[in-house]
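Each chain, written out:
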Amino acid sequence: MKYVDEFRDPEKAKVLIDEIHALKDTLHKDGDTPLQLMEFCGGHTHTIFRYGVEQMLPDWIELVHGPGCPVCVLPMGRVDDCVTLAERPDVIFTTFGDAMRVPGSKKSLLQAKAEGADIRMVYSPLDALELARKNPEHQVIFFALGFETTMPSTALTVLQAESEGIKNFALFCNHITTVPTIKAILDSPDMQIDGFLAPGHVCMVVGEKPFEFIAETYNKPIVVAGFEPLDILQSIWMVLKQLAEKHCSVENQYARIVPADGNPPGLDAISKVFELREFFEWRGLGSIDHSGVKMRGKFAQFDAERKFTVPNIKIADPKSCQCGEVLKGVIRPWECKVFGSACNPETPMGALMVSTEGACAAYYNFGNLPELLAKRDKKAHNNIKESAA
Amino acid sequence: MSSTQVKRKLRADIITLAHGSGGKAMRDLIEDVFVGGFDNEHLAQLEDQARFDLSSLNALGNRLAMTTDSYVVDPLFFPGGDIGKLAVTGTINDLAVGGAKPLYLTCGMIIEEGFPVEDLRRIVASMKATADAAGVAIVTGDTKVVHRGAADKLFINTAGIGVIPEGINITVNRAQPGDIVIINGYVGDHGAAIVDARGEMELENTIETDCQPLNGLVESMLKSCPDIHCMRDATRGGIATVLNEFAESSDVGITLNETALPLRPEVRGMCEILGLDPLYLANEGKLVAVVPADHAEKLLQVMQQHPAGKDSAVVGEVLADHAGRVVLQTSFGGERIVDMLVGEQLPRIC
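From first to last, the protein sequence lines are chains A and B.
Everything in the first sequence is counted per the numbering used here, starting at 6 for the first residue and increasing by one.
Everything in the second sequence is counted per the numbering used here, starting at 9 for the first residue and increasing by one.
One chain only, chain A, in its complex shape (with noise of 0.2 Å):
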C-alpha cells in the first residue's frame, strides 16, 4: 500500500536497528541500567505493540509508556457524568468508540446503553452535529475527548453549530493539554526518563515551541515522532544520538506531518472556543494545573457542564493500582501488583488496562502473559530475599 509501506520496511529497520547497537559503547549502558525512553502518547504505544517493536530493540533501551491515551486516563467521575447526561431520555449520546469501554463507578457507557440509554458511536464529531439536526426533538451531547489532536475538530464543529444556530447541540468537553502532564512527570521526584519521543500528532496541532522547555529547562533530548514503525526507530535513534553527542534540543522527526509552527487556523479554533481550567483529574496520576480546557462563557449553550446538571463528584483510584508509577517508569506494567489478575482488559481497574493503547493492555494482549507473570513474581522473591538479607 503506498505511502504506508515505505514506512514499514523490514530492511530499512535492520539498518536503524544496527545504528541503534552502534551507540552503545558511547552511551556505556548495559542490560543491567537501561536507558529509559517514554513515548508519551498512545498511537505510539499501540504501534510499538502492533509492529513488534520493543522485542527488536537491544536490552539497554527500555521504552517506558507515557499518560498520551485520552481514554486511559479519564477518570471515574467523569464517566460517571457521561452516564448521568447519557440515561436522560431526551438525551442522544455520542462518543468515540473507544470510551464505550471505559468503566465508571457503577457503570461503561456500554452498560448504560445495555439498559436502555439512548448512546451511538460516531467518527467525527460533526456525525454528532448531523444527528442533532435531523434530531430536533433531542439533545444531542458529543462527548469530546482527546488532547490537542482531536481539539480542532470539536472547536470547529462548535463554531458550525453556532453559525447555523443550532440549538440542541452540546459538548461535554474533557479535552486535555500535554504539556502540564509532561511537565508534572519532569516534576515528580522518582522520576528517571532520559529522554522523550512527542507526541507527532499533538504536534501537528500546536507545533514544536511547547516542548522545547524539556530541553532547555529539563536537560532532556526530545524527538517529535510519527507512528509509522521506522518513525518510532528512527525517533529512538535520533534522542540516543542526542544522548550520545551529550546535547539536548527539541527534533523533528515528523516533518512530513508537522510544521514547525504547527497549524494556526487549527490554534484559533481552539482559542476561540476554549479556555484552560484550573486544574483537570487525570486517572493515574491525580490532579494536574491546567492540564484540561473548558468551553469559554459566550459558547456556554453549547457546554453540556452549564446546560445539563452533572453530578461532578470526584472517585478516588482503587488503592491497588499502581498507574501512576508505571506511567512515570519506577516500574514496569507487568510489575504492577494486580497486572493481569485483578486487572485485566476484560474488567480494567486501572487506568492502563482500559484501551487497546493503555500500556498494561497492551502488555496483556500483544504479551506473553505467563512469561511476564514468572518474571513480575521471581523479581518480588528477589526483592523479599534482598531486604531479608
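Treat the hints as calculated values from the structure; they're not laboratory data.
You may find that some hints are simply not true.
Unchecked claim - In silico BS3-like links for lysine-lysine, alpha-carbon gap of 25 Å or less:
no., chain 1, residue 1, chain 2, residue 2
1, B, 161, A, 139
2, B, 136, B, 152
3, B, 161, A, 118
4, A, 139, A, 118
5, A, 34, A, 380
6, B, 136, B, 17
All of these numbers come straight from a predicted model, not from anything done at the bench.
Start from chain A and add chain B according to the hints.
For chain B alone, coordinates are given in the frame of chain A:
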C-alpha cells in the same frame, strides 16, 4: 419445470401481524413466498416435518452432522450478498468444515411487522439460488411476525444436517507440531463490507462480502488430503479466534506470518483508518485448515484450482513452543502475541 404448483398468491405489499396468525394470510405467505420460492419436493408436501430416506443417507457416510445459526445482520442487503445468502452459506459452512456433506436446511424467519414483501421475496430468491449452487435443499421452515420494534426488520435461523464420510476426523484438538496452516483467500472482507455498507464512513470504493459456500472446496480438499487435522470457518472473531481455539485445544503454539496473509488493499485501508485489526474481522467464506506438512503443497494447489480457494495461501505453522498461544511474525520483522478478542472491536479515537 417447477416441482410445486403454487395455488395461493400473496397480494400484500407489506407483512402484517395477520401473516403470522395461522390463518389464510399466513398460508398465502407460506405457499407463495416460501414453498414457491424454495421450490422442492420436501417442502411441497406441506407436512409439519421433512422426511428423509435413511438408506440414501447411509450411503454417504457413517455419521450425521447437525448445526444451527441465527442471522441478524444490519443492513439486510450489502455489496456481494444479503441476509438470505448469509443464512444459507453460514450453516452450509458450519457443516462443511467438519468434513460433512451438507444436505438439508431448515429456515425459521422472525419478521418485523411492516417488512416489505418485495424485500422478503428478494431474500428468499437469494437463499434458493445459494442453496441450489451448493447442492442443498431448504426442506422445512417456520414463520413468526412480531410487533414493530420487537425485532429489527428480519431475523433468520437456519439449521442444517449433513453426512460425514467414514475416515474423516477433523477436530479442534488435532493440531500437531510441524503441521501447516492454510487459509482459502483474503481475510476480513465480510466485516469490512458491513462497516462500509452502513455508510458511516463514506468511503469511495465498495468492499464486497466474501460470503460463499465452502462445501465444494472442502470436498476437493478431502479428496486430496482426507487427514485434515483441524478446520473451522473464520466468522465472527476472525482468523485470530479460530487459531487461538486450535492452539488452546491442541495445546500447541501457532506462528502466523503477516507477510503471507492475503489482505485486500481496500480492507487494509479501512483497518488503517479505523484502527481495526483484520485478524479479528468477520469472514463468511473463509476457512482455516491445519494439515500435515507432507500434504500441504499438494493441498494448496488443489485449493487454488477451486473457485472458492483461488487465493489460498500457507499462512503459518504449528510449533511445540509457546503452547496455547498464537504468535504473529509482523511484516516489520518483530513479533507479537495474537490473543482472543476482548469485547467487540471498537474504532480508536486518534
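Of the hints stated earlier, which fail here?
Hint check: nothing fails, all pass.
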